[in-house]
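*Asks:* These protein sequence lines are chains H, L and E, in that order. Under the numbering used here, the first residue of the first sequence is numbered 1393, with each subsequent residue one higher. Under the numbering used here, the first residue of the second sequence is numbered 118, with each subsequent residue one higher. Under the numbering used here, the first residue of the third sequence is numbered 29, with each subsequent residue one higher.
It cannot be assumed that every hint is accurate.
Computed beta-carbon distance windows for the label pairs [to be verified]:
1) Asn873/E to Ala1467/H: 38 to 44 Å
2) Thr1469/H to Pro260/L: 46 to 52 Å
3) Val224/L to Leu356/E: 23 to 29 Å
Covered stretches of chain L, as calculated for chain E (at least 3 residues, CB under 8 Å) [claimed, not checked]:
4) 128 to 137
5) 201 to 211
Far from chain L, by Cβ distances over 12 Å, these chain E residues were calculated [said to hold, decoys possible]:
6) Leu62
7) Gly182
8) Phe277
9) Ser362
10) Ser365
11) Arg385
12) Arg387
13) Asp425
14) His434
15) Arg494
16) Leu747
17) Cys765
18) Gly811
FYI, nobody ran anything at the bench for these hints, they're computed from the structure. Where a beta carbon is used, it is the ideal one built from N, C-alpha and C, also for glycine.
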Amino acid sequence: MTKHQAPLGKALLRRNRVLAPLAFASAAACLGGCEASPEAPGGGNVRRGERLLAQYHCGSCHAIPGVASARGQVAVTLESFGRRSYIAGRVPNTPQHLAHWIVAPTSLVPQTTMPSMGVSAADAKDMAAYLGNLR
Amino acid sequence: MTGSAAHAAQAAQSVLQPATATADSIFEIGVVLTIGAALIFLGVMTLLALSLRRRPPSRRPSRASERLWIVGGGVVFPVLVLSALMVYASVRTSGLTTRADLADGLVIAVTARLWWWEVRYRDPASGKDVVLANEMRIPVGRPLTLALDSADVIHSFWVPELAGKIDMVPGRLHHLHLEARQPGVHRGQCAEYCGEQHARMALHVVALAPEEFDAWLAAQAAPAAAPPDDLAQRGREAFLHERCNACHTIRGVSEESDLGPDLTHVGSRLFIGAGTLPTHRGTLGGWIADTQGIKPGARMPSFDRLDGQTLNALATYLDHLK
Amino acid sequence: MSAEREMREPPTSLPRPPEELDQLEKAWALPKGLGVLSSVNNTSIGLFYIGTSLLFFLGAGVLALIMRIQLAVPDNTLVGPQAYNQMFTMHGTVMMFLFAIPVVEAIAVYLLPNMLGARDLPFPRLSAYAFWAYAIGGIAFFTTIFFGASPDGGWFMYPPLSSAEHSPGIGADFWLLGIGFIEISAIAGAIELIVGILLTRAPGMTLGRMPIYAWSMLVVAVMIVFAFPAVIAGTALLELERAFDWPFFIAARGGDPILWQHLFWFFGHPEVYIIFLPAAGMVSMMIPALAGVPLVGYRAVVIALVTVATFSFALWAHHMFTAGLGSLSLSLVSAASLAVAVPTGVQVFAWLATLWRGRLRITGASLFLLGFLFIFVLGGLTGVMVAVLPFDWQVHDSYFVVAHLHYVLIGGMVFPMFAALYFWSPLINGHPLSERLARWIFALMFGGFNLAFFPMHISGLLGMPRRVYTYDAHLGWNTLNLLSSVGAFILAAGILLFTIDAIRTWRRRTVPTGNPWNAPTLEWLPNGEYGTRSIPQVDSGDPLWTNPGMPEEVEAGRHWLPGTTSGRRETLVTTPGKAVASHVLLLPGDSWLPVISAAGTAGFFLLLTVKWLVTAWLCGVTAVIAAIIWLWSSDPKPHAAKVAVTDNDRLPVGAVGVRSHSWWAMVVLIVVDASICASFAFAHVHVSMLSEVCPPAGARLPAAGLALLAAGLYLASSLPVEAARRRRTLSGSARECRLLTGAVVIALLVMIAATVALISGHVEAGLSPGANAWSATIAALAGYQVLHVVLMAVMGCYLIARIWTRRLGPRSRATLDNTGLMWHYTALQGAAMIVLVQVLPALMNLVAA
């Protein structure tokens, strides 16, 4: 084992020496949360929107891909929502309309069963951004 | 309730401070185990230390005595000790798992949610459910059963001063029997990792004298108190206007939704946010305005859009719901 | 070991022909430069493997340090809950799956062949493949922490938290993936170890003379064979649930979260012994060597190892004491968990007796051995405590258990590992690690460890639960946590110092190893790339003590197989019990194919996870093609019927049937396979027992006739294959090729027909896997069978190719024999699963009635 190990040992340790400090440095750098938060075309922060959809319990009625605890069967699934042309079959699916819909659904479609959940305008913008991103 | 509030500040979660017969038994078992383990550890370490001494070849042990040590120390001794332990533990445990006669026992249903506890009593007067959250009050000296389940992921119910823990598994109903021995406040925490805010899913159990308990339950069964002044009245309106009732029920005001904790008597509880902050006007305001800052990931948005007056009114109203 | 033992003359006489050594060196030469990565020599792979595992150890350790900073004070805000939860999940997963198991396998890969007197493991390319799959997959998995894409469900990933509903992100899928690599590596390792330990020992190394470390690795390998399949099945089911919504663990549709726990812990508990027993085996080697006396109680220790391994399969439910299982099961498991302390105690007392009999030299290695005894015994005693049910009901999922598990794992494996690094470091390049620094390192590690983890017993008893990113200031946990955090950094300082010394030492120029500790076992013989110059004849359990002239004899070529008879790499196969020399085994040389195949495998699974489907399948196809090319050169026609391996012994080259090493590998693989199928079957039985009515409403069993037909066809497909397998002549004539091919084709068609019957039976019954767990488990079983049929088609075509290229011969028929084995297994599996599914509901109704 010993006579011919030197080149092997060196190769091995070279890897150790390069990878280990790299790993530590990257860990330190990235643990501050180095994720970029993407902005959607209509403004609105997609990442924040995902969190808000969970906080407002949208998932209790809707199945929403990528949102935790969002497997509701009561209302329509929001899968690929970004590709839909209409909200609730009536309202054109633009970021502004979607945000408005989220804040006050009955103001756009009076007979809808979706309640107003007390979403603020700012929060609605982010939530609309996330939903618009679902392709 | 102020006495309890004072206790709440020191409410501990310690296995070493048992407050029921069950917890006592476990504590005693724990003491026996600790002392036994410590003695055996010291014994083995002593043998180890002695084995490192240098001794002349003539004083080395014979084959037979070596075999004796291995069989004696490695087989006979553990078998004896462990068998005794098994018997002792079974005897001490048998009382814990047999069910007390529950024909007229109190049953409290607890459903674990992400990341809070929904607690249900049955009102003896009307037979209706009394729903609260994150806090349980129990009568001293009366055996009771907790019916535990989960609405989402696996949680675990653990109030160390009262009993061992039991998991709360969706699709299953587990029972835990308790009987408090004296009044006091005890803290518990979810003990099965359940996601982002597992660390802030605490609950409090307040043991009361039986008459106090009955009075408390009757008060909890009643609908929400009417707002005593203008500020509180404005708070009540804000509760509806800001659509807090889209997730929270206040009996007598709005029973639209049970997505979030029932707030009918939130002011009477020791803590809000599942044990995160003690309840009073200030913390209520802080919680509403910055939920995500206090408990990031909680399933309630921060209502940072409210102006100071509305927030103040809302917090005042909720604090008055005792 | 009496003085009267006759000293036998070594079997080969001098002088050796001058070119013999050159030929040997040439056959085993290490590739130059970057080509070293294509080396399949166990020494190379072993070092790569150990190095990679240690890298993961450091990485997961850094995660722990960050966690400890966060927990040093209450209500800390250094790290938020999302990041923290990913960190503790990664810390546990990486430590358990990417460090602990790999490092014990890696040390075995490096050390065992030399310790057994073999030149290499029996399947060098398989080891290489297993290593590279683990390295590439593991590193890819670890990097998820830098992107916030790590799993965050805990290292044990309980559903429903880990289901698609509550963990919709990609992290959980990466976890399932990461585990997949180590599953492959571990199974491959188990095959190597079992075959290597049973078949490639030095002549005369009977089972009773085998080093204890070899016994512990044999036991561990068998444990892997039975334990890993449960987690393989479990992770497969979880991934099917996440990807296709087959509700195995979803209560609302007849599934059960507890099912996961059963499958996971049936693996998880033996796993900790899979981690500990190799370390115990190493301790059983080091203590005798450093104390200067043979191990006291060798037989007792062997029995203890086997007993621990056996018991460990009965204990899994002690991780589920609070999950609501029945009280009878709980009591039995508690009793068994207490009982497992007995064989462990036997080992401890054997070590104490050995120390007592001998005189321990205090060196770096022995310091860590003493540290091991202290920490592990303490951990074992807290283990006895938590085996007592009511006590566990309080401390389960609290920091008391965190303390216990770190005491037994760090005490029971990490400290012996450091001892091993100190002890066997001279094998790497002849240089021992610094003894002076060792004392400092040990003091820092021992002191730091106890300061870090002992207070956790107390904080657990004061009510601190596990897996919390922060805690309240008024619960009395503050000082304890601060102490733990300080201790963690002291421990880390010791490890850092060790890392520096290790890098410094192992970079030095190679010098001869010698036998610095005067140890008795064969790995201390003079070594080259080829292992020892000649394979030693062994006459005792401590060969270097009873035959002090052995190093010179072996180096001069005076023992078995002093060169290479074919110009290729070779080793000796001996009988499993008495180690009588049986035949010469030809070993494959270095190759890039295992690396390519491993990269393809890793790429396939990784890219599937991120849904780059086309590239994923390309990688998969590459992996399969590379594997087939590599396989093609195996099972060659022997270069001679018999060769001389000593003065008087002539041995056959290669073997067929039951004496063949690949036959045994196939058998082990089939046992793994059957265990995976059994786990799927367990899942089916478990969810069936949960339903009120079986089949559940809306589901139907396939028609009995169709099911019977399918089962019968599966069994029938074995007949032509068995007929082919029984041919002894294998002359290679055109008629024979046609006959054999015909047999294979007919068998394949029958098997396909069986599969069609199976699937159409289910389709016609309206099987809808997403509807309920019962249907999903049936679909999983059927899917597993279909996978096997596809495998049989591939193997069948490969066999036909071997037949027509005249590579099948009477002494090179492993392809035929092994395909036959797997074929029969597939047929049996198909019939068995069909019968189970059809008969179970009736059986349950009978029992209920």
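*Asks:* Does each hint fit the structure? Answer for all of them.
*Replies:* Verification of the supplied hints:
{"no.": "1", "hint": "Asn873/E to Ala1467/H: 38 to 44 Å", "result": "40 Å, holds"}
{"no.": "2", "hint": "Thr1469/H to Pro260/L: 46 to 52 Å", "result": "47 Å, holds"}
{"no.": "3", "hint": "Val224/L to Leu356/E: 23 to 29 Å", "result": "26 Å, holds"}
{"no.": "4", "hint": "128 to 137", "result": "holds (count 5)"}
{"no.": "5", "hint": "201 to 211", "result": "holds (count 6)"}
{"no.": "6", "hint": "Leu62", "result": "44 Å, holds"}
{"no.": "7", "hint": "Gly182", "result": "5 Å, violated"}
{"no.": "8", "hint": "Phe277", "result": "10 Å, violated"}
{"no.": "9", "hint": "Ser362", "result": "8 Å, violated"}
{"no.": "10", "hint": "Ser365", "result": "10 Å, violated"}
{"no.": "11", "hint": "Arg385", "result": "6 Å, violated"}
{"no.": "12", "hint": "Arg387", "result": "6 Å, violated"}
{"no.": "13", "hint": "Asp425", "result": "4 Å, violated"}
{"no.": "14", "hint": "His434", "result": "16 Å, holds"}
{"no.": "15", "hint": "Arg494", "result": "7 Å, violated"}
{"no.": "16", "hint": "Leu747", "result": "46 Å, holds"}
{"no.": "17", "hint": "Cys765", "result": "58 Å, holds"}
{"no.": "18", "hint": "Gly811", "result": "25 Å, holds"}
Consistency note: the structure conflicts with the earlier hints numbered 7, 8, 9, 10, 11, 12, 13, 15.
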